[in-house]
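Student: Each chain is listed here by its residues.
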Amino acid sequence: MESMKQNLVGIVGAANVFDSPEVLASYSKDESFATPMKPLFVVKPENAEQVQALVRFANETKTPLVPVSSGAPHFKGDTVPSVPQSVIVDLSGMNKIISINRQQRMAIIEPGVTYGQLQEALAKEGMTLSTSLRPRANKSVLTSVLEIEPRLNCLHQFNYTEPLRCTEVTFGDGNQIYTGEAGNGPKDLQKQWDLGKWQVHSNGPAMTDMLRMITQAQGSMGIVTWASVKCELLPTIRKMYLAPAKKSTDLEDFVYKAIWARIGDKLYVMNKAYLASLMGETAEEIAELKKVMPNWVAAFGLSGDILLPELKVSAQEHDIMEYAKQTGVQLLSKVPGVSAEAVLEKSINPSGEPYWKLTAKGSCQDIFFITTLDKTSKFIEAMYALAIEAGYPTEDIGVYIQPQHMGTSVHLEFSLPYNSADSKEAKKVKELYISASKEMSKLGGYYARPYDIWTTIQLNKDAQSYILLKRMKDIFDPNNIMNTGKLTLK
Amino acid sequence: MAFPREIYQALEDIVGKRNISENIGICETYRSIPSQSSAHYGPSEHWTPLPQAVVLPGSTEEVQNVIRICNKYGIEFKASTTFWATMGYIGSDFAIQIDTRRMKSVKIDAKNMCAVVEPFAIAATVQAEVMKYGLNINIPGVGCSSSTLANFSSWIAFGPNSISMGQGSENVLGMEWVLPNGEVLRTGSLGAGEGWFCGEGPGPSLRGILRGIFGAAGSLGVCTKMAVRLHPWPGPADFPTYGTVPAYKADFGPNFKCYTLCFPTWEAWARSVQYFHESDVAYSGHRQFNMFGRNLKGAMLNIITDADKQLSDLEELVNDPYIQKENEKMKLDYQVIIAGFSERDMEYKEKAIDYILEQTGGWKSEMMLEKDKHDYALLYLTRLGHKNLNFVMCGAYEGTFGLSSNVWKTIQVVEEAVALKRKWEVEHDSIAATGGDSAMGSLSGIGGGGATGWEFFTNFDAYDKNSVHGTAKFVDGNQEFHNKYSFGPDFCRWNSDVRHMNGYNYTQEEHNQMFANAPQPWVYAYQYKIREAINPKNLCGTYFRTVDPKCLEK
Numbered sequence: 001m002e003s004m005k006q007n008l009v010g011i012v013g014a015a016n017v018f019d020s021p022e023v024l025a026s027y028s029k030d031e032s033f034a035t036p037m038k039p040l041f042v043v044k045p046e047n048a049e050q051v052q053a054l055v056r057f058a059n060e061t062k063t064p065l066v067p068v069s070s071g072a073p074h075f076k077g078d079t080v081p082s083v084p085q086s087v088i089v090d091l092s093g094m095n096k097i098i099s100i101n102r103q104q105r106m107a108i109i110e111p112g113v114t115y116g117q118l119q120e121a122l123a124k125e126g127m128t129l130s131t132s133l134r135p136r137a138n139k140s141v142l143t144s145v146l147e148i149e150p151r152l153n154c155l156h157q158f159n160y161t162e163p164l165r166c167t168e169v170t171f172g173d174g175n176q177i178y179t180g181e182a183g184n185g186p187k188d189l190q191k192q193w194d195l196g197k198w199q200v201h202s203n204g205p206a207m208t209d210m211l212r213m214i215t216q217a218q219g220s221m222g223i224v225t226w227a228s229v230k231c232e233l234l235p236t237i238r239k240m241y242l243a244p245a246k247k248s249t250d251l252e253d254f255v256y257k258a259i260w261a262r263i264g265d266k267l268y269v270m271n272k273a274y275l276a277s278l279m280g281e282t283a284e285e286i287a288e289l290k291k292v293m294p295n296w297v298a299a300f301g302l303s304g305d306i307l308l309p310e311l312k313v314s315a316q317e318h319d320i321m322e323y324a325k326q327t328g329v330q331l332l333s334k335v336p337g338v339s340a341e342a343v344l345e346k347s348i349n350p351s352g353e354p355y356w357k358l359t360a361k362g363s364c365q366d367i368f369f370i371t372t373l374d375k376t377s378k379f380i381e382a383m384y385a386l387a388i389e390a391g392y393p394t395e396d397i398g399v400y401i402q403p404q405h406m407g408t409s410v411h412l413e414f415s416l417p418y419n420s421a422d423s424k425e426a427k428k429v430k431e432l433y434i435s436a437s438k439e440m441s442k443l444g445g446y447y448a449r450p451y452d453i454w455t456t457i458q459l460n461k462d463a464q465s466y467i468l469l470k471r472m473k474d475i476f477d478p479n480n481i482m483n484t485g486k487l488t489l490k
Numbered sequence: 001m002a003f004p005r006e007i008y009q010a011l012e013d014i015v016g017k018r019n020i021s022e023n024i025g026i027c028e029t030y031r032s033i034p035s036q037s038s039a040h041y042g043p044s045e046h047w048t049p050l051p052q053a054v055v056l057p058g059s060t061e062e063v064q065n066v067i068r069i070c071n072k073y074g075i076e077f078k079a080s081t082t083f084w085a086t087m088g089y090i091g092s093d094f095a096i097q098i099d100t101r102r103m104k105s106v107k108i109d110a111k112n113m114c115a116v117v118e119p120f121a122i123a124a125t126v127q128a129e130v131m132k133y134g135l136n137i138n139i140p141g142v143g144c145s146s147s148t149l150a151n152f153s154s155w156i157a158f159g160p161n162s163i164s165m166g167q168g169s170e171n172v173l174g175m176e177w178v179l180p181n182g183e184v185l186r187t188g189s190l191g192a193g194e195g196w197f198c199g200e201g202p203g204p205s206l207r208g209i210l211r212g213i214f215g216a217a218g219s220l221g222v223c224t225k226m227a228v229r230l231h232p233w234p235g236p237a238d239f240p241t242y243g244t245v246p247a248y249k250a251d252f253g254p255n256f257k258c259y260t261l262c263f264p265t266w267e268a269w270a271r272s273v274q275y276f277h278e279s280d281v282a283y284s285g286h287r288q289f290n291m292f293g294r295n296l297k298g299a300m301l302n303i304i305t306d307a308d309k310q311l312s313d314l315e316e317l318v319n320d321p322y323i324q325k326e327n328e329k330m331k332l333d334y335q336v337i338i339a340g341f342s343e344r345d346m347e348y349k350e351k352a353i354d355y356i357l358e359q360t361g362g363w364k365s366e367m368m369l370e371k372d373k374h375d376y377a378l379l380y381l382t383r384l385g386h387k388n389l390n391f392v393m394c395g396a397y398e399g400t401f402g403l404s405s406n407v408w409k410t411i412q413v414v415e416e417a418v419a420l421k422r423k424w425e426v427e428h429d430s431i432a433a434t435g436g437d438s439a440m441g442s443l444s445g446i447g448g449g450g451a452t453g454w455e456f457f458t459n460f461d462a463y464d465k466n467s468v469h470g471t472a473k474f475v476d477g478n479q480e481f482h483n484k485y486s487f488g489p490d491f492c493r494w495n496s497d498v499r500h501m502n503g504y505n506y507t508q509e510e511h512n513q514m515f516a517n518a519p520q521p522w523v524y525a526y527q528y529k530i531r532e533a534i535n536p537k538n539l540c541g542t543y544f545r546t547v548d549p550k551c552l553e554k
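Going down the list, the sequences are from chains A and B. Going left to right, the first sequence walks through residues 1 to 490 as my numbering numbers them. Going left to right, the second sequence walks through residues 1 to 554 as my numbering numbers them.
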């Protein structure tokens, strides 16, 4: 062990190797029900060369590495070691914004860059980055895009992996490459910029799409040390609306119509528990909001930027109102308990402390998967039925429906707040999480990002994919050192 | 090598007597000029090898069984369906051609805006079917007579609509794919039987194996079904065409406009394109009719939009003062279609275009607003069904240069490329003298903008040896230009590293030499390992570029 420490010190320096019980304990568990396991060391590399050296060292010594970029709390079990003797590779210190290019609308970021940090820098250049819903303040943008967290604006998600474009990755075998257009060389960003290349195109670099080997991978294929992301123009005008409804199905036609007509830059649906949780600053406030808010709300946003923004927003506002009328919904600037503008502000900005999902009860367990909008009600009904069976209060179940990939599918998320200090309640939620996860899969829910128990649930249904995934893992991480135990059938 | 009877019989048992042939007359039709590029009838004096047999499977199961036979006997196979590109043809003598034209269904999920297509569902069919539901599909530059599935799985697939719809790769959802070892892989949500709606995951996306910047070109098995994303079509449910073939046109009503926008400088041109990249105004964007060349496009447009005119009228039209004036005005141009989802939306988009022109000093071509030309261009770009025009000048063409990059990089060098081509046109008689600038292609090769996809149409006579050889020399010269500005291989050399000029596959040793010194050789080593994992007998030709990792480990 001492020899390993010396080796790690040799790679990242003594100041960046940690093995105190407190530090190790903090990386040994997260907010999920994943089995806690203490790592052997935590290391904090400062650059890609150190990362590559760590991976090569891990290959020589068969040391499992667990990459982590965001700060705590984590929720999905993917950063908790699955096997003993693991070394956490904490990339949060690599937090440089390497470049911002307004002309190309591209930014290049290191793993430790957070949404707040990036959005502030982009705003100075008149740009912004599409975001997942109210990310944690210390959430790594790079992890968020690598793990394909759903974005609020599905209509600009031309590629499923949007806004992620190119990366620098050290695969599990220790080789480091650039993916996408950047992979066509030269392997030096400055030289590429000098040639007028801005790491825009995500596919490739050749016939295999290397980016897709590292997305949704939970760090099990390699470690990404920079990524280019496509930015949007910062709106000069924004308008936000809320469409209240008694049932989620009442909103379906409207959502489909907005997707078809390509209107708007924000579109998502929440039930009142989810919306109250997003908006409330305290548990009491959340409880009060739930009493007055509509059962369901579709949030819809319009924006204009450099090209006749007033005229654009005015035309689209007229059209969306017409579509709303046609589909039997009302678009309002406020609904009981909340204004549309406030929902927008909360949605696009990073959370304060504590993370908003923890405000209601101190802990939260999510279940999310992909399906199509017209099937969501089936899952919602099933979830409520399971909750009743488990004795979990249905009024606490948060539901979030986020269209993605230009609306061809939706991310459906159930959020189950609970008090982890109450062991009985925690047990009940854990059981519900397990049973509901299985049931959702039986009903056709697709765990594209198969965290924790979903790995087994999903991959057990798809033997051919699992066999091929194992073959790919053998290619890119032959010694199985990258987040060992993840994406593996147990 | 004679094709053993037992193998032929085994294949016949799978597909039935009517769907297999070794008749020399039939097999000869499954040979192609091994053009240097993938999609053009380029200079060549050879043909791809003669297949031992042609097999037409009618289902995924039949494809799988055919591939199993190929594995058993070590037979190379290549599947194709609309056969536009040389990549769809075999590259060795002991090989069979799989023709998937019996598999042609289209199933539409209008609500969730996707369609499940089989290989021979050509883009024209898919488009016609989905338009009934107010939907449309990205039709890549190769045109509507080509297979949607083949384009999206195996090549880049960008076209006029890619600015608003994305290119092929971006539109792929679930996919069913018979691997070269005979296993069937269903990607994404389809793998677990949950539907076609998502082609990604679970976890890392295996679809990434099949296609990167471009596809595996049939070298990793046979894609048998694919769900493709559809896009809104705010126009009529069918094509209200009129006019006399081939100069037929379409009127989609007041909510569609096709403008030819023109600019005084490339810098203004690029600024205007950036506006379109940064907004949702353009439904389509293409520099299309410059395919006829800077000097000829005005005259050619008058020929192709008038059924009574023909190529012999070209000289007269080129000298027509009105056409000369209009031609000069559209020197630096491109076409844009705007589609209004409502009257107000259309009004906004009209004003947005006026604003862009005001900001950049551009103008609309008046000639292209004449109704017959407007309606012709609208139909042309929406359907891409006039591919005959690619060949009309000299019988053959190649796409050269290939300035596929961001617009700001492209415009810095485009005139140098123009001058190079013009010099060759003037000094040699091997290629048509169209005015140097014949750069054409998509305003954006990826959804939402960011990169152009351009080629210079170079017209030559495939039946004239001097023309063929001269064109080849012209392309060789262009490569220096490409190297100078780091554009990679010339467009029509993109596939020269995967098939010999005589039509045969490369050996692994030859590929090792080619790719061991690539900017990132490990990319090709990983591809070698992937091929070993799913195509251990290496039965699908050499379009999947690989380098043996041992060469790098040395």
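To be clear, the hints were calculated from the coordinates, so they are not data collected in a lab. Think of the CB as a built atom: it goes at the ideal place given N, C-alpha and C, for glycine as much as any other residue. Among the hints, erroneous ones may be present.
[Unchecked claim] Derived lysine-lysine pairs resembling BS3-like cross-links, with alpha carbons at most 30 Å apart:
| no. | chain 1 | residue 1 | chain 2 | residue 2 |
| --- | --- | --- | --- | --- |
| 1 | B | Lys132 | A | Lys187 |
| 2 | A | Lys96 | A | Lys246 |
| 3 | A | Lys442 | B | Lys132 |
| 4 | A | Lys470 | A | Lys428 |
| 5 | B | Lys107 | A | Lys246 |
| 6 | A | Lys378 | B | Lys132 |
| 7 | A | Lys424 | A | Lys470 |
[Stated by the list, open to error] So these bits of chain B aren't anywhere near chain A, every CB distance computed over 10 Å:
| no. | residue |
| --- | --- |
| 8 | Ile26 |
| 9 | Ser59 |
| 10 | Asn112 |
| 11 | Glu183 |
| 12 | Arg186 |
| 13 | Arg207 |
| 14 | Phe214 |
| 15 | Lys351 |
| 16 | Asp429 |
| 17 | Ile446 |
| 18 | Gly450 |
Student: Taking the hints in turn, state whether each one holds.
Tutor: Going through the hints against the structure:
At roughly 48 Å between alpha-carbon atoms, Lys132 (chain B) and Lys187 (chain A) are farther apart than 30 Å, so this suggested pair is violated. This hinted pair does not check out: Lys96 (chain A) and Lys246 (chain A) have alpha carbons roughly 46 Å apart, beyond 30 Å. Among the hinted pairs, Lys442 (chain A) with Lys132 (chain B) is inconsistent with the structure: their alpha-carbon atoms are about 34 Å apart, more than 30 Å. Restraint check: the Cα-Cα separation between Lys470 (chain A) and Lys428 (chain A) comes to about 34 Å, which exceeds 30 Å; the hinted pair is violated.
Between Lys107 (chain B) and Lys246 (chain A) the alpha-carbon distance is near 33 Å, which puts this suggested pair outside the 30 Å criterion. For the given pair, Lys378 (chain A) sits about 29 Å from Lys132 (chain B) by alpha-carbon distance, which is consistent with the 30 Å threshold. Distance hint between Lys424 (chain A) and Lys470 (chain A) is unfulfilled; the C-alpha atoms sit about 38 Å from each other, more than 30 Å. Listed as a non-interface residue, Ile26 (chain B) keeps its Cβ farther than 10 Å from every Cβ of chain A; the least gap is roughly 31 Å.
Taking the minimum C-beta to C-beta distance to chain A, about 18 Å, the non-interface status of Ser59 (chain B) holds against the 10 Å cut. Its closest Cβ contact with chain A, about 5 Å, brings Asn112 (chain B) to no more than 10 Å, contrary to its assignment away from the interface. Residue-level check failed: Glu183 (chain B) sits 6 Å from the nearest beta carbon of chain A, not beyond 10 Å. A Cβ of chain A approaches the Cβ of Arg186 (chain B) within 10 Å, the least distance being about 7 Å, so the stated non-interface status is violated.
Listed as a non-interface residue, Arg207 (chain B) fails to keep its Cβ farther than 10 Å from every Cβ of chain A; the least gap is roughly 7 Å. The Cβ of Phe214 (chain B) does not lie farther than 10 Å from every Cβ of chain A; its closest approach is about 7 Å, which violates its non-interface assignment. Consistency note on Lys351 (chain B): stated as away from chain A, yet its beta-carbon is not over 10 Å from all of that chain's, at 6 Å minimum. For Asp429 (chain B), the non-interface assignment is confirmed: its Cβ lies about 35 Å from the closest Cβ of chain A, beyond the 10 Å cut-off.
Against chain A, the non-interface label of Ile446 (chain B) is violated: not every CB pair exceeds 10 Å, the least being about 6 Å. Look at Gly450 (chain B): its CB is around 5 Å from the nearest CB on chain A, not clear of 10 Å, so calling it non-interface is violated.
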